Amino acid sequence: MAVVTSIVSACNAQRIPLISGGAGFITSTKGGNATYLPVIAPLLAAPLGDHLLVESRATILESFFPRGGGQPGYDHQHFAGLSFLQADIMASRHMTVVAGQFLTPFGTYNERLTPIWISNYEEAPLIFGLGTMSTASSVGGMLRGSAYSNEKANLAYVAYFSAASTNEQFNAQRAAGGQASVYLPESRLEIGYSFDRRLQDQRQNFNGMHLWWEPADSYFRLRSEYAHSPHAQGYWIEADYRFARFHGEDSILGGFEPAFRMQQTFRSRPDSQDGLPAADTQRADFAFNYHFPHEVRINTSYSREFSSVGNRNIWQTGLIYRFLIPTWRRK
Amino acid sequence: MKRTALIIAMGITATFLPLCAQQDPAQKQKSDSKPASQSSPPRQISRGERVFKQNCSRCHNVPQGFPPQISGTVARHMRVRASLSAADENALLHFLNP
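Top to bottom, those sequences are chains A and B.
Counting from -7, one number per residue, gives the positions in the first sequence under the numbering used here.
Counting from 118, one number per residue, gives the positions in the second sequence under the numbering used here.
It should be emphasised that the hints constitute simulated quantities derived from the structure, not laboratory data.
Remember, it's a predicted structure, so these values are computed and weren't measured experimentally.
Ideal placement from N, C-alpha and C gives every residue a C-beta, glycine not left out.
Treat the hints with care, as some may be off.
[Stated by the list, open to error] SDA-like, lysine to any residue: derived pairs with alpha carbons at most 20 Å apart:
| # | chain 1 | residue 1 | chain 2 | residue 2 |
| --- | --- | --- | --- | --- |
| 1 | A | 22 | A | 206 |
| 2 | A | 22 | A | 144 |
| 3 | B | 170 | A | 22 |
| 4 | B | 170 | A | 110 |
| 5 | A | 144 | A | 110 |
| 6 | A | 144 | B | 214 |
| 7 | A | 22 | A | 208 |
| 8 | B | 170 | A | 237 |
| 9 | A | 144 | B | 215 |
| 10 | B | 170 | A | 292 |
| 11 | B | 170 | A | 183 |
| 12 | A | 144 | B | 164 |
| 13 | B | 170 | A | 306 |
| 14 | A | 22 | A | 306 |
| 15 | A | 144 | B | 208 |
| 16 | B | 170 | A | 298 |
| 17 | A | 22 | A | 211 |
| 18 | A | 22 | A | 232 |
| 19 | A | 144 | A | 115 |
| 20 | B | 170 | A | 295 |
| 21 | B | 170 | B | 215 |
| 22 | B | 170 | A | 311 |
| 23 | A | 144 | A | 208 |
[Unchecked claim] These stretches of chain B come out as covered by chain A in the derived footprint (C-beta under 8 Å, 3 or more residues):
| # | stretch |
| --- | --- |
| 24 | 168 to 181 |
| 25 | 200 to 214 |
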């Protein structure tokens, strides 16, 4: 009994609520118009007991953009909103029940790569709006977990239902869907399939596939996604390589991380809500990022976009600092 | 059309060139001039390290200066985010805070 008590108290001692997130300054120049974005994205994770975790992430930014209509100078706009506020209940060894507002689990980008301290690019892929129901967040319930896991394979699943919500902070559409993915640790390959259906207004089905590959003993990563809706479809493929092979990630050379992303979207019917370009679009994104010590990184990228409505250059930079601190110190 | 092909070719080159530059670990072992008796056996990674490499580090780097008192919170966060089983969460916790 004393041993069990000591193990439980040891686990609780490691479960102090934390505040993490990123703060940064992002610039974006599209077709000659520069926008400046100071942003902070704090994340709170607070375990409550042995079976409950409350998580939330917010985004607070100020956008400075050129005034339109030939007027000189800049205008600015403030934004503050929650990306998710969810309660995670550890229901069993293989299932977690999530309730509240959560990131819509479609594809990989929304759940894994949207944090500013993780993504290689300052802008989401063109197909980001497909399957994420324009708000990228859902309000309702979700079941997720690992159905099977060993050294050979890992089978993960997600199923969710979202109610319609017009609340400013908890905006969501009525939808349902899920995701299944298989990860093969030996080949470091993940393949997944996503599906969801909008259950309000114009009812639509969305399908998606993703493939990630990180070869063993390599700093190379390949990520890709494909998404399809009745009105549009598209894909992105991203590859990056960190020069940490010879002297490690902490070396001067090891901080460099070039990346390349290829994107294409195809429009079959007009849809003003899906967020994709109105015409077929091709885009090549070249990034050259650097990781400094103390969780600071600089992202720089150049993109060339080709479309029947016009070609344009996009230059983006981001100076990002990631923080991770306990809410209090316990002896 | 030529432009598209050029972009795709550049992308493929940029994607797979780093892989070609990697030295095959098997070849590296062969070229090692040390006698077999002096070479150390391959390191066995723990389950927690495997879970970390297969789930956490695929998206982000290890946070620097990791305070041990939040390792349980981080492991629980990753359990939800990466759909880990309870056993994998415990293994990850042990790896983060041995």
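Check the hint pairing residue 144/A with residue 215/B against an upper bound of 20 Å on the C-alpha distance. Measuring from Cα to Cα gives roughly 25 Å; hence the hint is violated.
Please work out if residue 170/B and residue 215/B have their alpha carbons no farther apart than 20 Å. holds (16 Å)
So if I understand the rule, the pair passes when the alpha-carbon distance is 20 Å or less; does residue 144/A with residue 164/B pass? holds (13 Å)
Compare the distance between the alpha carbons of residue 22/A and residue 208/A with 20 Å, and conclude whether the hinted pair is satisfied. It is violated: about 37 Å lies between the C-alpha atoms, which goes past 20 Å.
Run the distance test for residue 22/A versus residue 206/A: straight-line Cα separation, threshold 20 Å. violated (32 Å)
Is the hinted pair residue 22/A and residue 144/A satisfied, with a Cα-Cα distance of at most 20 Å? Roughly 45 Å separates the two Cα atoms, so the pair is violated.
Examine the stretch 200 to 214 of chain B: at least three residues should have C-beta closer than 8 Å to a C-beta of chain A. Per the Cβ count (8), the hint holds.
For the pair we were handed, residue 144/A and residue 115/A, check the Cα-Cα distance against 20 Å. violated (35 Å)
Holds or violated: residue 170/B to residue 298/A, with C-alpha atoms at most 20 Å apart: violated (37 Å)
Given the hinted pair residue 170/B and residue 22/A, is their alpha-carbon gap at most 20 Å? violated (37 Å)
Taking 20 Å as the top limit, are the C-alpha atoms of residue 144/A and residue 208/A close enough? Since the Cα atoms of residue 144/A and residue 208/A sit roughly 14 Å apart, the hinted pair holds (cutoff 20 Å).
Decide if the proposed pair is consistent with the structure: residue 22/A and residue 306/A, CA atoms, cutoff 20 Å inclusive. holds (5 Å)
Figure legend: structure checked against the earlier numbered hints; hints not met, in rising order: 1, 2, 3, 5, 6, 7, 9, 10, 13, 16, 17, 18, 19, 20, 22.
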